[in-house]
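Participant: Chains as they are written, first to last, in the working numbering: chain R, 1 to 112; chain Y, 1001 to 1115.
In case anyone wonders, no lab produced these hints; they're calculated from the structure. Just so you know, not all the hints are guaranteed correct.
Unchecked claim - Taking lysine-lysine pairs in the DSBU-like style, the calculated list, with each CA pair at most 30 angstroms apart, reads:
1) Y:K1078 x R:K42
2) R:K42 x R:K99
3) Y:K1078 x R:K67
4) R:K99 x Y:K1078
5) R:K2 x Y:K1068
6) Y:K1068 x Y:K1024
7) Y:K1068 x R:K99
8) R:K2 x R:K67
9) R:K42 x Y:K1068
10) R:K99 x R:K67
11) R:K2 x Y:K1078
12) R:K2 x R:K42
13) Y:K1078 x Y:K1068
14) Y:K1024 x R:K42
15) R:K99 x R:K2
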Amino acid sequence: QKEVEQDPGPLSVPEGAIVSLNCTYSNSAFQYFMWYRQYSRKGPELLMYTYSSGNKEDGRFTAQVDKSSKYISLFIRDSQPSDSATYLCAMNPNRGGDKLTFGTGTRLAVRP
Amino acid sequence: DAGVIQSPRHEVTEMGQEVTLRCKPISGHDYLFWYRQTMMRGLELLIYFNNNVPIDDSGMPEDRFSAKMPNASFSTLKIQPSEPRDSAVYFCASSVSGQGLVGYTFGSGTRLTVV
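Work the whole structure out from these sequences, hints included.
Facilitator: Structure below.
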């Protein structure tokens, strides 16, 4: 079993829809949770990060962590075609420069 | 800052040939990571350096892979001999102590095809 599981999709939604992307994990030591966005033929870029449980909002994006269930989510409101990308979750037990554990990514397509 | 710079962007080589991938991290960053990405396995960490010293190479698939960081502004990942199963996108990322995980910056990757 992988430490981090993520549905690969693809997920196709109409413009304006609310999108929910999810990851589950098995390592209870994970404390820092991140979402990266990767456009085609580009490297991943950090979208949001949260520490421990709770919610964090940034514009149309909301990151949610439920440590009791070992489940994290990224919600995108009013989705736009420019949101079409692969979204990867990542996590780590420490804030330091140590290696991240990534999910395999979910491909999202937002149809105009 | 130009970000993390990787070269070449694309590499097509024949099985058995040596391949060298190059990375220039962001100036001032003291961590450097090499990742490999495939559809089946996602992003896999191969090796990472701190202050030019390899810290963890447990992700390097086998002895055919080697990585060096001779100075703070340059790193190489070498595959010798290359095999078709090495075909993937290889990413380099850098980060700086203090910013930790949120300071990860990836390059645009090298798409390697071994035929």
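Participant: Could you run down the list of hints and mark each one as holding or not?
Facilitator: Checked hints:
no. : hint              : result
1   : Y:K1078 x R:K42   : holds, 21 angstroms
2   : R:K42 x R:K99     : holds, 20 angstroms
3   : Y:K1078 x R:K67   : violated, 39 angstroms
4   : R:K99 x Y:K1078   : holds, 21 angstroms
5   : R:K2 x Y:K1068    : holds, 29 angstroms
6   : Y:K1068 x Y:K1024 : holds, 12 angstroms
7   : Y:K1068 x R:K99   : holds, 18 angstroms
8   : R:K2 x R:K67      : holds, 17 angstroms
9   : R:K42 x Y:K1068   : holds, 24 angstroms
10  : R:K99 x R:K67     : holds, 20 angstroms
11  : R:K2 x Y:K1078    : holds, 27 angstroms
12  : R:K2 x R:K42      : holds, 25 angstroms
13  : Y:K1078 x Y:K1068 : holds, 9 angstroms
14  : Y:K1024 x R:K42   : holds, 16 angstroms
15  : R:K99 x R:K2      : holds, 16 angstroms
The structure shown violates just one earlier hint, number 3.
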